[in-house]
Structure formats: structure tokens, C-alpha cells
Amino acid sequence: MPGPIQGRLSPNRFPIDSESAAEVLFLLVVFYLLLGPAGGFVMSACANVSGIFTKGANQVESTRNLANQVLVASDRIKSLEKTVADQELELTKLRQESKDQDKLRALLGLKQSLSRKTIAADVVTHDPDNWFEQVTVDKGSEDNVRKGSAVVSNLGVVGQVVSVGPHASVVRLITDPDQKLGVLIARTNVPGVLAGKNKNPPEVQDVAVGSAVDVGDKVTCLGNGGVFPQGHPVGVVNLVRRDTNGTTLTIEITPSENFFDLTHVLVVPPIDQ
Amino acid sequence: MTFFSMRTRKKLWIYGWTAAAAVSAIVIQTTLLSHFPVKEAVPVFCNLPLTVAILWGAVYGSPMPSISPDELRLSSATQIFLRQAMSGSVAGALMGGFFAALYTSMVGVFPAYFVFAGWIGGYFCMRNTSRTLSFLCIPLVLVVTLLAETLMAWQLSLLGRTGTFDNLMQIALPEAALNAILAPFIYFPLRRWYDTVTSVKLVPHR
Numbered sequence: 042m043p044g045p046i047q048g049r050l051s052p053n054r055f056p057i058d059s060e061s062a063a064e065v066l067f068l069l070v071v072f073y074l075l076l077g078p079a080g081g082f083v084m085s086a087c088a089n090v091s092g093i094f095t096k097g098a099n100q101v102e103s104t105r106n107l108a109n110q111v112l113v114a115s116d117r118i119k120s121l122e123k124t125v126a127d128q129e130l131e132l133t134k135l136r137q138e139s140k141d142q143d144k145l146r147a148l149l150g151l152k153q154s155l156s157r158k159t160i161a162a163d164v165v166t167h168d169p170d171n172w173f174e175q176v177t178v179d180k181g182s183e184d185n186v187r188k189g190s191a192v193v194s195n196l197g198v199v200g201q202v203v204s205v206g207p208h209a210s211v212v213r214l215i216t217d218p219d220q221k222l223g224v225l226i227a228r229t230n231v232p233g234v235l236a237g238k239n240k241n242p243p244e245v246q247d248v249a250v251g252s253a254v255d256v257g258d259k260v261t262c263l264g265n266g267g268v269f270p271q272g273h274p275v276g277v278v279n280l281v282r283r284d285t286n287g288t289t290l291t292i293e294i295t296p297s298e299n300f301f302d303l304t305h306v307l308v309v310p311p312i313d314q
Numbered sequence: 024m025t026f027f028s029m030r031t032r033k034k035l036w037i038y039g040w041t042a043a044a045a046v047s048a049i050v051i052q053t054t055l056l057s058h059f060p061v062k063e064a065v066p067v068f069c070n071l072p073l074t075v076a077i078l079w080g081a082v083y084g085s086p087m088p089s090i091s092p093d094e095l096r097l098s099s100a101t102q103i104f105l106r107q108a109m110s111g112s113v114a115g116a117l118m119g120g121f122f123a124a125l126y127t128s129m130v131g132v133f134p135a136y137f138v139f140a141g142w143i144g145g146y147f148c149m150r151n152t153s154r155t156l157s158f159l160c161i162p163l164v165l166v167v168t169l170l171a172e173t174l175m176a177w178q179l180s181l182l183g184r185t186g187t188f189d190n191l192m193q194i195a196l197p198e199a200a201l202n203a204i205l206a207p208f209i210y211f212p213l214r215r216w217y218d219t220v221t222s223v224k225l226v227p228h229r
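In the order they appear, the protein sequences are chains A and B. Per this note's numbering, the first sequence starts with residue 42, numbered consecutively. Per this note's numbering, the second sequence starts with residue 24, numbered consecutively.
Just chain A, same shape as in the assembly (with noise of 0.2 Å):
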């Protein structure tokens, strides 16, 4: 039996029946209403996808930028402890000149102090074991580092050159009991010779009982043998005792520097005789 819209139109020009024309449109609109969805839940998806990519990408740039700026940071910071390393090795020496001219130009002359180069260099190793008190820097030969030079920091004298391979050099540290380092009391220019106790802080000894020293007292170098900077600080006095024998005192100092914080010094060469 033909239906009430086949009757109207010619099945020749219109070969599709109602019942078709309609299940057509059905699915037209049941796909319409499903890819909607579909689609958004596509785009969703990808979008998440690409968000994960993108966000990843993001953090390798931030992360790449923000170790630029690390590395950046650290050259400055680097060459500006370099800078103020100098300034102090600077303001120390004018300090003794303005203190004592007439006896450093005697002693050194104003063309040797003016003379002594540094040359920077990073702490790479400490010392493996209990024993002894050495560090390695990452200078050596190549870079005119020689045995017996000074090292120093800004903060204090960290100790002297012991060892010099091509590109790394063994510092002893003036905590080690092999270093001695003639050193002076600042405020009362009481002479004597610093030597390290291993793990124990360093000690001045057999100073004559009845120099003026006081817990306090910054204590620095002496310098007279040309290897280690004059004026430079070395630590303070943490304990003044008398010796049993009744005429000499043992002199306890704290270094300035802190031996196993080392990350940056200066190698002083000794002043060419």
C-alpha cells in the first residue's frame, strides 16, 4: 500500500520511498547529535594531548632559561668573589702600608708588592680520608701555578701549594700539622708561628707569657717570606692558655675561612727572589 507522499510525487523523479527519506533524516540528525559530543570530546582530547607536549616544552624552556640564569649568576657571583678577593688582598696591603711604609718599602719594595698576580681557581676535591688537610684546585702547571704558592680566599688564607700536576694542584691547608705560616697579632703585632692540629682548631705556640692577647683578636699573616700576602686575615683568637712550663702561651685560633665550604680561592705565586 503506497503512502500519503509517494502518492503526491512521481516514484521516477524521487526513487526514495518516505520510510527511507525519514530513516535519512533520523540518522542525519542522530549523527549530528553524536559527532557533536564526539567532536568536542575529539578536540578535548587532543587538546589535553598537545597541553601535556606544550606544557612539557614550557617547562624544558623555563627550566632551560632558569639554568641560563643559574650559570649566568654563577659567573658573576664567580668573578665578583674574584673581585672582592682582590680588594681585600688590595685594602690589606694599603692597611700595612699606611700602618708601617718606611718597613715594607725596606723589606719588599714598592715594586714587588705591586707585582704578585692571582690566579683564580675551583675547589674540586677534598682530602679522602682522616689524616691529612689538603684540597685539589683545578689549576695547575699550565696555568702558572707553582709549588709554594699561597692560596687564599677573601675570607682568609685557606693554605699553600704542595703538589702541582698539569691541571690540578694539591693545596696543604694551614690546618694540616705539616703547615706552619708566620702570623701576627693585629692589635698588638705579637709575632708567631700558626700550626695545624688536624682536627682540632690550629694554635700559635711558645709566645712569651705577658704579650698582650686577648680572646678576639683578629690574627694575620706576617708575610715576610714572600709566599703569603701580608696583612691578609687568617682568624681569630679563640683561646689564650699558659703552658705548663709557666713561661709561654698557646695561642688557639678559629680560621677564618670554613675548610670544608671551599668552592673558590686565589693562588698567589711567591714574589720571584
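No lab work stands behind these hints: they were computed from the structure. It is possible that some hints are incorrect.
To be verified - Once the Cα atoms are required to be at most 25 Å apart in a straight line, the calculated SDA-like pairs of lysine to any residue come out as:
1) A:Lys158 / A:Gln220
2) A:Lys123 / A:Lys134
3) A:Lys240 / A:Thr289
4) A:Lys134 / A:Ser120
5) A:Lys188 / B:Thr127
6) A:Lys238 / B:Leu182
7) A:Lys240 / B:Phe59
8) A:Lys240 / B:Leu169
9) A:Lys240 / B:Leu56
10) A:Lys221 / B:Thr187
11) B:Lys62 / A:Asp219
12) A:Lys123 / A:Asp302
13) A:Lys119 / A:Phe301
14) A:Lys238 / B:Leu55
15) A:Lys240 / B:Leu182
16) B:Lys62 / A:Leu280
17) A:Lys158 / A:Ile312
18) A:Lys158 / A:Leu132
19) A:Lys188 / B:Leu125
Bear in mind that the values here come from a model prediction, so they are computed numbers and not experimental data.
Chain B: place on chain A using the hints.
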């Protein structure tokens, strides 16, 4: 085309990993552990290479069988002395010698205690005695570290260094305790690695 036999290649592989482990221990010690001392009374840090040297000998142990009462009666004094000398681990002594050689470039003295510690580590031969006594690695490292540091104090004292025995009194026990804490974390992976290596069967390529 192969240049080496299977046996040689296996040995080269083992030696390569051994050298890498030794160098890693040195690098970890000098760049990390030596910067973070334990500060009780004095700043002291553990000695990772020494612990590795002791346990290296303990893992390999001595290949010699245990001594019997008859053997004591039948052996000459020379034989007994040689047995005692060879009862330590040669592998441990070699590992200690390798560490000592690396140390020499930094400290300027050949620390003979490394060789001694590696050798005596194998003397106890825990692998060949009993696997149930594995946790003996802790007291073993404690005792051998104390002995090794005492030997180092004697060596430095003979070389004319001052204050060595004062330093020994301060560092020996804390360092031995720290090394003993490290011991299980090194011994068990080391023994597992050794078991794996020794269980590999050699199959030539076709």
C-alpha cells in the same frame, strides 16, 4: 671475528666493572662524603674506599680450605706460615693497593693500610664459612677499620708526622662506626653481583 676468547672477555668485563666501582668510590668520597663530616666533638667523615676494600676481600674470601688438627701436627713451620700468609684475600689486597695508588696522587703518602685491610678482609672468608653470618660484615668493618687506622698512625709516625696518635684517638672510633653503618649497603649488592657473575655460563657464539 673475535679477538679474545670467551673466558678472556668475561675476565675483561669483570675487571672493567671492578675498576669502575673503585673509581666511583673514590669520586663519591672526594666530591661528596668528604664535604659533609659528622661533627660530634671533631669533624670526621666515613671512608668509603676503605669499606669497599675490606668487603671486597670478605666477598671473595680465601680459596683455601679450613685448617684441620692433623694438618697442624703434620705441617712444618714454613708451611703453616705460608698458609697464614695466603689465607687472606689476594683480591682484597689488590683492591686495597689500587685504592692506595689512587690516594697517593692526593695525599703524597702510599697508605699501606689499604692493602692490609683488603687482605685481612678475606681472612675471615665469610662467603666460604657460612652465609647465615652475613651480618658479620658490620663488626668486621668496625674492627678492621680500627686496625687499619692504627697502622696508618704508625706509618705516619715513622715518617715523622706530629700528632698522629692524638688524631687516631679522635677519629678512629667515629670513623669505624660510620664505615660499619655503610657496610651492609655495600656488602649485599657486592655479593649479589659476585653471585651473578660467577653463575654466568660461557656459551660461544655460533
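Hint by hint, here is what the structure shows:
no.	hint	verdict
1	A:Lys158 / A:Gln220	23 Å, holds
2	A:Lys123 / A:Lys134	16 Å, holds
3	A:Lys240 / A:Thr289	23 Å, holds
4	A:Lys134 / A:Ser120	21 Å, holds
5	A:Lys188 / B:Thr127	17 Å, holds
6	A:Lys238 / B:Leu182	17 Å, holds
7	A:Lys240 / B:Phe59	14 Å, holds
8	A:Lys240 / B:Leu169	18 Å, holds
9	A:Lys240 / B:Leu56	16 Å, holds
10	A:Lys221 / B:Thr187	17 Å, holds
11	B:Lys62 / A:Asp219	23 Å, holds
12	A:Lys123 / A:Asp302	17 Å, holds
13	A:Lys119 / A:Phe301	18 Å, holds
14	A:Lys238 / B:Leu55	24 Å, holds
15	A:Lys240 / B:Leu182	20 Å, holds
16	B:Lys62 / A:Leu280	20 Å, holds
17	A:Lys158 / A:Ile312	9 Å, holds
18	A:Lys158 / A:Leu132	15 Å, holds
19	A:Lys188 / B:Leu125	21 Å, holds
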